[in-house]
Amino acid sequence: MKLRNTSAAVAAVALLALTATACGGGSDSGSNGDKITVGIKFDQPGLGLKTPDGKYVGFDVDVARYVAKELGYAEDKINFKQAPSAERENLIKNGDVKFIVASYSINDKRKKEVDFAGPYFLAHQDLLVRADDTSITKVEDLNSKKLCSVTGSTSAQNVRDKLAPKADLQQLGGYSECLTGLQNKRVDALTTDDSILAGYASQKEHQGKFKLAGLRMSDENYGIGLKKGDDELRGKINKALEKMVSDGTWEKLVKEHFGPSGYKYESAPKVQG
Amino acid sequence: MFDFLDSGQYDLLGAFWVTAQLALYSAIGSLIWGTALAAMRVSPVPLMRSFGTAYVNFVRNTPLTVVIVACSLVLDQTLGVTLGGSDFKEIGFRLAILGLVAYTGTFVCEALRSGINTVPPGQAEAARALGLSFFQVLTLVVLPQAFRAAVTPLANVLIALTKNTTVAAAISAAEAAFLMKEMIENEAQALFTVFAIFAFGFIVLTLPTGLALGWAAKRLAVKR
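Protein chains in written order, with my numbering: chain A, -6 to 266; chain B, 21 to 244.
Same shape as in the complex, but just chain B (with noise of 0.2 Å):
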């Protein structure tokens, strides 16, 4: 059942390891990337939080596969945008982290904002009486104890987002679900077997993830 495997044809591990480095890339860039977004929509500048509100639910509602796509068929077919890469793989690979982060920022914007509503507004005020600026009072006071209060949702994205890389093999990023097209093309016979494995390989990935972040997000959590 499992004879195929041992052609030595598939790079089961090597193509997991691209999906977990998608994963961890694009995990970083969208902290980055949500942080600024939440940041934004909590600011006292209306031009800014009128840009995040808008952004924030602009690319949240548009599909994905949409987002991976026209990262590719816009920024570099018809625009020529490669991101350094120098084949159709790298800047597969560079674009879909590009969109992954462009999409993913979003939901953890979300779950910050949803964090920074368990701080008590009456510490912010303190702080602001206390003569500290907007991002001090951000950086210093708000953001440390949403984060501790968003880690749970914070997992959730996480372990969507890991789920998410596959739609990069649509535009050559050479992960699991790309691999999974290439067996289940040279292979349709084993068709219940390679989602079987492909499946177990994404909880092996997100199920590690979901119980360290969830031990974590114990340890963390502000007590109030």
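The shape of chain A in the complex, shown without the other chains (with noise of 0.2 Å):
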């Protein structure tokens, strides 16, 4: 009798433990029933950041928030999920997230592997030095200087390749130790897009030290990224978008997230329907 006790509660417990990781399971895919799944940065000030807090800041969260409110999801219906940029094809194919608003720029090789609604907004790469530095008014200055980016960041291949072959680019993990060395003069500029550097600039600790060049060396359009055919998602998306720059939004994030920098953004770009 005591064994037969034992060996009941033994399967409620395995049964519990399945019917709670089924559970778990559910919620993970894009959208179930009434909450959404959305992919986003987590470590770029100014458009993705997860606060210590645990709360999300930024340009893209906020694009982000407006689209998902506009599909009819309440704020405390988002689960924010991370998308580090080498993982936003495969999240999206793996219907881990809804869409993805992550600094994804619009590129015909992303455009065989994923639908972008948008764009949202038009980034130029640029280089951020620090404030009192005149030095650089042109590309081709840069061939005799030292930079920074990201290891292996389509901005640090862009300088390698194209943009200044003979610039003496350091490319380290992330642009927080970039603006180490810009700060102890060790590099003179760091280089990517220039929304993510207003982002730097604008934080608290670094207003005033860092100014952007305003060189824009090339265009990015970041578009939302999405699960390739699922056209009825990418309508609502754009229609969201427009709504968004018409009634003023779009405007006034913009304003929030990137204005302490001083950084000349681009208008609102077209939505290509």
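The hints are all genuine.
Each computed DSSO-like pair below joins lysine-lysine, with the alpha-carbon atoms no more than 30 Å apart:
no.	chain 1	residue 1	chain 2	residue 2
1	B	LYS109	A	LYS178
2	B	LYS109	A	LYS204
3	A	LYS245	A	LYS197
4	A	LYS221	A	LYS104
5	A	LYS159	B	LYS109
6	B	LYS109	A	LYS139
7	A	LYS155	B	LYS109
If you're looking for bench data, these hints aren't it; they were derived computationally from the structure.
With the hints as a guide, bring the two chains together.
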């Protein structure tokens, strides 16, 4: 009798565990009943940042919130999931997220894998320099300079292969590490998309120390990535983005997140139907 | 599936060559530094013993990423130590070797100490009785036997070191993991293929090392 009780208890626990994991697995899928999962960056100030107390802030985050709201999901129904650059295509393809708003530049290679709504923002590759540095005014100046970017990033490859092959390019694990060198005059500029740079320059601890050079060395159209062939969702997101621009929310958000750096952002790009 | 490799955009062999160089130079450096540390840890001088113990326990328990990134952030970017490198690639390469030697030396030291323990204490005592100094006892009697007994653990350390070189990508050394990051950035659609290529590359580097040193361990072991 004793034994039977024990085995019944074990069976009950096992059953509970199974149902519990089943629930856990279910809530992770792109959209499940009344919740939606959205991919954002967790580590880019100004665009998508997870703060130490677990909140999400940034331009991309607010765009994601606005779009989700237009799709019928209130703010507390959004699950944010980290979408590092290398994993974005797979997250979408596996259905882990419904859509991704994470400084995701539209290009032909990516279009073969996923569909894009938008663009909702036009960024350019640019330089962040010390506020008192006026020695860089054109791309050609870079060949004699020391630059820093993130290991393997598109911006780093652009500099090395096209923009300034002679420049001494340092590639580190993250932009924050580059900032140390920039502050200590070990490098002359940090290069990547101006939206990201503006985010760093707007951070409280960096305000006034750095400025954008404003060189516009490439065009990066940020789009919202979603599953290939999901035209219905794409249409809805595009409509939401158009509304966001026309009702003034876009302007307000850009000012809020990029304003303090003095970043001369482009006006809202036209959504590609 | 592998078509992006044909574009000529990626120098796979070159990147693995840098990895091999990193591993080789670091291996030589850490063998020397590790031997010195082991000598300190068995030496009769208390100060050296405690330095050896403190160093090994401190560095061995620090994550390698922290050691390597500190080499760049503290030594290069803040103190301006460049080790004679002229551009960031070279500086990164040299600083990475410095970091890897500092870190791997501790493991070499401990592997060697285990080798020293296989030498019967009677031999060292006999050598002392013959009038040999500590240095002579170590270099003529104990270490030659200790090295022969420690080949297998040292091979483990070497394999771990080869794979640890990937951390150097974080400070501009253009080795395999550095190229992998570039390829992932450009070819995100072939993420798993890229991983497989690099995993295979490292197997090609480490498997023969393991086999050769396993064979050597058998040949060299002191038969007692």
